[in-house]
Structure formats: C-alpha cells, structure tokens
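Chains as they are written, first to last, in the numbering used here: chain W, 1 to 604; chain A, 1 to 604.
Some clues are possibly wrong.
In this list, chains with the same sequence are indistinguishable; a pair is considered to hold if it fits within one copy or across any two.
[To be verified] List time: in silico BS3-like cross-link candidates among lysine-lysine, alpha-carbon distance up to 30 Å:
no., residue 1, residue 2
1, Lys503, Lys489
2, Lys580, Lys503
3, Lys600, Lys483
4, Lys465, Lys68
5, Lys514, Lys83
6, Lys600, Lys465
7, Lys381, Lys489
8, Lys68, Lys84
9, Lys388, Lys488
10, Lys600, Lys46
11, Lys483, Lys465
12, Lys580, Lys513
13, Lys571, Lys489
14, Lys465, Lys556
15, Lys386, Lys499
16, Lys327, Lys600
17, Lys580, Lys499
18, Lys224, Lys465
19, Lys333, Lys514
20, Lys571, Lys514
21, Lys68, Lys580
22, Lys333, Lys465
Calculated from the structure, these hints are not laboratory results.
What you are looking at is a predicted structure, and each value in this text was computed from that prediction instead of being measured.
2 protein chains.
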Amino acid sequence: MANEYIDFETLKYLLYDVHQLEEVLEGDRFADHDVASLDMFLEAVKEFSDRELFPYIKEMDEQPAYHKDGNVFVHKQVDVMMKKGGEMGLISGTFDYDAGGLQLPMLVYTASAFIQDAANNHLPGYAGLTLGSAELIVHFGNAALNDTYVPKMLSGEWGGTMCLTEPQAGSSLSDVVTKAVPTNEGYYKISGQKIFISGGDHQYADNFVHLVLARIEGAPAGTKGISLFVVPKKRPDSDGNLNPNDVTTVADFQKMGQRGYCTTHLGFGDADDCRGWLVGEPHQGLKYMFLMMNGARIAVGRGAAAIATAAYHASLQYAKERPQGRKLASDGKKNPEQGQTLIINHPDVRRMLLHQKVVAEGSLSLVLLASKYYDLKETMKDESEKNKYALLLELIIPMVKTYPSEMGAQAVSNGLQVLGGYGFCTDFILQQYYRDIRIFPIYEGTTGIQSQDLLGRKLLLENGKALELLTNEILQTIEEVSKYDQLKKYAVKLGEKLKIAQKVIQSLLHYAKKGDFERFLSDATPFMEYLSTITMAWIWLDIAAHSKNALVTGQKNHSEDFYENKIHAMKFFFKYEVPKTSGLSEILMDEETLTIADEKEVLN
Amino acid sequence: MANEYIDFETLKYLLYDVHQLEEVLEGDRFADHDVASLDMFLEAVKEFSDRELFPYIKEMDEQPAYHKDGNVFVHKQVDVMMKKGGEMGLISGTFDYDAGGLQLPMLVYTASAFIQDAANNHLPGYAGLTLGSAELIVHFGNAALNDTYVPKMLSGEWGGTMCLTEPQAGSSLSDVVTKAVPTNEGYYKISGQKIFISGGDHQYADNFVHLVLARIEGAPAGTKGISLFVVPKKRPDSDGNLNPNDVTTVADFQKMGQRGYCTTHLGFGDADDCRGWLVGEPHQGLKYMFLMMNGARIAVGRGAAAIATAAYHASLQYAKERPQGRKLASDGKKNPEQGQTLIINHPDVRRMLLHQKVVAEGSLSLVLLASKYYDLKETMKDESEKNKYALLLELIIPMVKTYPSEMGAQAVSNGLQVLGGYGFCTDFILQQYYRDIRIFPIYEGTTGIQSQDLLGRKLLLENGKALELLTNEILQTIEEVSKYDQLKKYAVKLGEKLKIAQKVIQSLLHYAKKGDFERFLSDATPFMEYLSTITMAWIWLDIAAHSKNALVTGQKNHSEDFYENKIHAMKFFFKYEVPKTSGLSEILMDEETLTIADEKEVLN
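Generate the whole structure from the sequences, applying the supplied hints.
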C-alpha cells in the first residue's frame, strides 16, 4: 500500500496562498478563527485520517457492507468515523455555535473532508449525509425537530440520510410517488420505497433520521407537489425511548466500488405505521433539498478529486520505485548492458503522472474555489457582492460536481496504467480507486443532468449575468498573468479560447431562442467538457500566477522547486488538455443533428 | 441479463459485404470453403456461444479462478470451452489439414472468436493461447515436438501458454533472466519465474505446454540472447505416461476483471529437474514470438471490440425498456402530466449509445480488416501484393490492438452510465464489462508500447512505404465516396485530415532525424490516438460507402433501414469523434517538451 495519499503542502498552498483563506476569515461569523488555529484543526484531521481511515481502505473493499435478516452490517471503522469524527467536529464543523458546531468556513470544511476522502472514500459519506440531513432540519425544521434530532446527529450517535430516488423514477424527481397522509396528531403517515440510500442503515447507530421526499395526498403532479419529511427509523418518545417506526431495510445494493459505503433500499409504512414530520411548508420539499444541493455537489466533486489524488500518489510512488526498461540512446536504440531505469523516467509514464497531477490538483483547487464562493455569498455584507458570489457558485457548481468526477476517473485509469499488469491486480490499490471513483459521474445528478443544468439553466441565469461574472474573473487573471513574460503566452491562449467560447455559446443559444430546446440541450455534455476545460485552464493559470508571484517577489512559503513545479503543471495542462477545446468547439458548432429521436430508430 | 450480446447481422454485413470474404476465399488454401459453408460454421459457433458461454459470464466473475495447495481451480465451463470447443475446431480452425485443422481464413476465425468473446470474454482465451502456442510449435518446432504436443493441444486435452513476463522485467523482455542450461540428453534445464501467465494451470487439462522465453547460459545480453523452449508441466514418456517436470504453480493473481480467466505465476526448476526443449534455433526466441504476435494483437483488439459490443447491446436493451423522465416541450419545460418516455429517447442517452455503437462496430470492422490483410499476405501469389498486405498489416496492428482497447473501455463506461445508479450495481452486467475490458490496454504490450511501435517502428518501415500504402487505400475510399452527393462532405473532411496528418508526421520525424529519439517518441500515445481516429474515420466511411452503394444499386442483402443506420453511425463518428484530431494535432505540433526527465524532478 502507498504511504501517502495526499500532498499536504499542496493542499495548504491552495488553501492559504491561492484561495487566500484569510479573505474568508474576515467575515464576522469566523471572528474566532485564524489561520493558525485552523491549520491545527487540519493537522488533527490528517492525523486522524492517517490512523483511523487510510489503514482500512482495502479491508472495507474486501469486506463490503451486506444485508442480513433485515439489517445492514458495515465495517467497524464506520463507528469510529461517526463517534470519534463526531467528537472532533467532522459532522458539526460548519454549524453555528448555537447548534453545537464550530462555525468553520466551508473552505476549511472542504479541505478537512478532502483529507478524509483521500484517506478512505468509503467512510466520510456516513458523516457527510448526516451533516446534510441535519442541515435541512436546522434550516427548515421547527424547534421540536431540531431539539429531538440534531444533537444526536451531530455527535454521530444517529445517522442521517437523504431519501430522494425511487425505483420507478430514477433521476426524475417529478415522478416521486412516496405518499404522505395527514393525521390529526401532527404527523403524516408515510408509505413508499426509496432506493440508493447511502448510509441508510447499519449496526453502529441507535437510530437513523431519514429526510424523505414525498407527496402529500392530493398534491399537484410534478416537482411542485413534493414535500420534505423527517422520518426516523425509530420514534423517540418523550422519555427518550426509541420505538420502531415501520421503516424496513429491504436490501443493500451490492456495487462495483465504494463497497464499504452501504447503499440501501428502504421501505416505509409496510405495516401502515410509519410516521413522518413535515419539514417547513408543504410542497416546498424540492426547493429545500436544492438549497442544500450545492453543498452536496461540492462534496461529490471533492470526493472525486480526493480519489484521483490518492491514486496519483500511489502510482507516483510505484513509478519512483519500479525499475523497468532503459532510456533511449540518441540512435533510438536501448543498450541492454546499461542498468534499468526507474519507470518515472519514461516520458509516457511521466505524461500519465502529470495528467493525474493536473486533474487531481486542479480539481482540488476548483472545489476549494467553490467553497470560497459558498462562504463569501454568506458572509459578504454588501448585497451585490453576496449576489455576485451566489451567481458564481451557481454557475460553476455543475462543473465542480462533474469535472473531478469525469476527469478524475480518466486520471485514475492512467494511474492504473502506470502499474501495468499489477494495476489490474487486487494486491494493488489502483484497481480499487478505479472502481470506487466510477460512481461519481452518477452521484447527485449524473453528468448528463449536470450538463443540462449548466447549459440550460445556469448559463441563462439573470440573462447571462453569472457567465459575465465568471468571464470577468478569468479576464482579471489573464491581465495579471500577462505581466510575466514567461507566462504571457498561456494568458493569451486562454483569452483566445474565451473569445471562441463566446461564439460557441451564442450559436447554441440560437436554438433556445428559436424554441428548439431539445436541440439546444442535445450536446450539453460535450458543452460541459468544453466549458470545464476552459475553466480549468483558468484555475491552473491562477495557480501558476500565485507561484510566479512568490518567485518574483521572494515572498515564499514554499521552496522554489515547489513553485516551479506548479508552473510546469500549468504548462502541461495547456499543452495536453486545452487543445481538446478545439475539437469540442467544432462539435458544438456543427449544425448536424444526430441524437434526437424521430420515428425511425437508428439504434440497433 | 441482456438477451443479446452481438448483432449477428452487422457481423455478417462486415464480413461478407464490407470486407468481401469471397476475395479471401480465392486463395488456394481455402479452395474447399465457400461463403455458405463458413456461414454455417459461424451459426454453429453462435449457437454454441448462446448455450455454453453467455449463460456463465456472471457466474465466472462471481466465482473467480483461485489457487489452492499448488493448484489452480477454474469454472467448469473451461472444460466445455476446451473439449467441446476443441471438437468444433475452435482451437485448430486456422491450422492446416495436415496438422488436424480446418484451414479457415483468419477473417472467419476472427469472426468466430469475436462471437465467443462477446458471449463470455473469460473463456476463449484458454483456447486462444493453446492455439497460439501450438502455432509456434508447428511453425518452428521439430517433428518430435509437433507429434508429442500439437494433437493434444488442438483437441483441447492439453492447455498451452506463452511465458514471457518475469517479475523483475515486466514489459522489458531484454531483461528476461530465466535460464536454460544445455545437457547432453537433447533437452535444457530450465530455471526461473514467469508471471501473468494466462490459462497457466487448472484442473481440466491433463497437461500444460508452456512456451517459455529463456536465456541459454552464456547467451548475449538483451533481446538477442533469448531462446524459445517447450516446457511441459508434465513430461510425456514414450508410453504416453505423464511425469512431473518440476513446474510449480506459485499463485493465481487475483484481478479486478476477467476473474474467471486464471492468471498464474509459474516457477520452473525449483528442484533442478525442469526440462525444456529448444524450439528452432538458439537466440531466435523473440523473433519467433514476434512472428506470432500479430495474431495475438488482433486477438486482443477483437476481445476488446467484443466486450464493447456486448456492453452496447446490454445498455441498448436497458434504454429501450426503462421509462424515465419526459421529452422537453418547445418552451424547454417538461409536462409532469405527460407519461414518462423511454430513456432511449433522451438525446444524451442516444449520444452515449451511438458512441458505443461506432466504437464497437468500427472496432470490429478494423479487426476484420487486419484479419483480411493477414490472409492476403499469406495467400496472394504475387510477391509485391504479398508484401503490400504484410506492410499494411504491420502498420495497422498496433492500432488494431489499441483502439478497441482504449476506446472500448470508454464506450463501456458510457454503457454503464446509460443505466445510471444501476450501472454501478453488481445485479447488472455493465459494471462487469467495465472491469473486464480494463485489462485490454495492458495485455500484449501496453498502449504506451504499442504507440512507440507505431510511431517509432511501423511508420519508418521501408522508408515510410507502409504509411504510403495505407494513405492510398484511404484515398481510394475518398474517391469512391465522393461520387455520392450525400456523403461527399465526409470524404472531403477525411481528405483534409489526411493532409494535416502528413504535416504532423513530418514535424515529428524532424526529431528522429535530429537524433532526438526520446523527444520523437515522447508523444507517441497522443499520436496513436490521432492516427487511430483518422483510420477509424476511414473505416466508417468505407462502411457507409458499402451501404450507400447497396441503396443506390438496389443490390441489397439487408433492409434499407439497416443501411441508413450505418450511414447515420458514420455521420456520428464524423461529428463527435473526428474533431478530436484537431486538438491532437495541436498537441503533436506543440514544440514544448514537458515529459522528458531531467535532473530536477517536477513530479511530487
């Protein structure tokens, strides 16, 4: 097993230097924090992850969660993650002091969770979903719900889940049929089936608090008629006793990856005795859920970035230790009398490693940026500033979820390839990361759905205001970088790409204006790859700018090599990744329509 | 489980119409065959695969091969594959009548093995490696080796393997250290370790015949000093009794995929009693092995094409049956009162399905083309024609191995994505195909090694003669297609791409001419993707040309829709795949050098 799963120095560089944590700490909410204290928190998380998470990653794959006699059984470290993690504030971190939290900035929470994800991606989800469901109760639930459920969730004693998907509806939430029938007792009677419920049941929590989307009898069709309920596995009575609430664990889905993270099928109200308590107002369930969704989507991007990071370090270590083959002599031949070289010295292996590095570190920088926007939209006092960061977050969020997931999977594949035949063998961790990360393009809205969100909704927000704001951010970096002769050509390249992107977007909007929405959105996924790649070019140019600045001004927190390597990685991104946008813009400007169904089926 | 794993009609179309099996049958060697009899053979293979291979694919994954007490245990269908398959000629098919074979063209053998691979990719390898090792004995071994080993191999009673890789050497065969010490008894004493030996041991064969690369004591260093030996697991004596030959099964590698296909670690001569018999001349081992390598590389491309095909049909069937979501109305909204649509009607799902279709069917066409070249180089009487097809085969073989493997893995990923969350669950087959196909970019020379072969050796063959021949073939298709107004623009596009490719190649050769071979080959892998995509554009244009021709002339063996769909798929390839070459040519023309190691390590 690899000895290291992240480069802590790079994480700190991105957090403190590139994304300037201090700017976020200016918000009143964070008055008690400073960089030094937060750094200690992150060190503690790293130490916890080294000791309690990383050593169990292979074991959790080999001993997957399973369902037996109506119960789900998971690895013992789930208990440690929830209880010790709960104690450390890994569930409650971002909550207000009032709610028992640490009032951490999202930026720090993301960094902390990234470390945990990279150490063992099968574990932090148990805490993350408990956090997410507690957050829904805190924001939208009444005092009784808060008092009854939130403290035990934040301590890790009770698990929390989000119950959206149903077997017949899949991603289409307007087809949710789980039923809520009002009673005169203040609760609703819930009946229905939910699938793909992560962390939905296990032996290490006394209770589970399910946040369930359901339709109150007589509610309008579609997403407008969906309400949100707290449905505990066991109902606490006034003495604190827990009584069964007719929630059944039907099954645990067996999966290709993340096998230690249970994925349950839950049944509600089989015996007509399942009670649910309305959160907030009726018919507002989807709105509430989606207000929390940005956090969830940052979490997915973060998890994928973390797996890509761990895979990068595992394959890098292998490449540094494995002798094989020889370097080419100037006649193109190899001299067999010469000793073997390490595989890290083969250009093709370096290409695969650098690809992993730019995807992993770039993705981390992107999720940190989203987290910073998340903080600033909350803490900024000026309304227009608040709105600016809210719009920026809305625009980038589908990319934040998708780019690390899609490109992370490709990066991990390169990591596996670095090991050759060993990469395919279960003795090595790469094949596990390859399986684990494959769920990320599906989680929390598939790539197809995120892409439609990006092109069909986010680009049109406030008449394109969000895109204008992002463009300004990018132009600002371009201007700043242009002052460095060594980097200017990359800034110019990005400027050119940005101009072409505007043309591409106009040409796509043309379909929307004509009312041909199906055509407008039919190439949304290539558009996602297109805009993400341009955005990532900006992310890398920004990283390089901060490195260059440190080298030029001499205000260095890291070694010269450290900064030079970041600039090298930026160049790699521009040489090997940015050119993809040339082909993608051709696809997007191509007027031929080949994927819209008509009477004659072309698929056979 | 899906009901169909291939589209037999498409296979026949490619075999009979596009690649004109009849042209191959003109060779004297195939005088006894005609299309009708070969069609019956393929029907029998399909029937065998339906009954004996396809039903066991999931079971073989769930009950992987394993090692216990020095023996490897595999699924019972391995016995059926070898014995019944052997009886049907699935091992001996391409061998001469003299050797007990059917004298089948490679083109037909490939089609037959493709069916088996698509049905269950865990099984045909057992037969394929037995065939490959028997072929080495037939071509280069003496009469005694032939008589002793070949008949029992072709009947499937004994297994055969290729033993190349060693733990310390990996892909670098010049570092093979397995030792062969001559004796006065006509045999050598063999000692060493071989790893990643597919089909290296199991309970269903009385004996195994290992073709082992080893170094005769005192042989020169490097690949020049490697010889080839027959090393049986058990030595047959003159009475036909089998005696242990000091070959130990050390382990069975546990893998992420193809878990039913054992991958053994073999030890030779632990007790100093392992005998090997030299095949052909000393120090010629690698040459012999590589003369057989084209067949092995076609087989890898074929297997990957087959898995991509099976995955395509599984996801297509799901998409045709799964209702979810609604089509967009002209206002961009969805009407929840409307019934759900099938997911095949969503453009993004269609895009993923069409991507799978063009990769799977295009890859099949490519491996069939390679097989046709393989036949023609053997059966053509004219020496210059023989040489032409030999060169064409040499040039395309690295692409034949790589394109289906790399793009097939991406296609299967799209297949998994079509199923959403279910795609990740072990109840569905897509996740298995996703794991199974991942070994193909590693098998028989990784993508990196194939890419260096393509750029560093094949492009330079006879001063670029091979590339000139391929270019002429492509230009001929362009000319032919240009007569159809509807298709002309695609022909023009391919012509343009071909011209740019010549510039790209010249600019790369510039480094070779300067003697900077490391730089020349440093972007070999992007070059592989580049030239493969252009080659595949030609493959698809050729398929479309044959379809258009049938529609225009009315000489139809298939429905109009069948032909129209092939043309549609070609258009899809040109819209969504060909543009990749724009970015790739930018990468290849970029003069910046970022992946060549120097003193300062940029990777951390």
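- [ ] List in ascending order the numbers of the hints, as given earlier, that are violated by the structure.
- [x] 4, 5, 6, 7, 14 and 21
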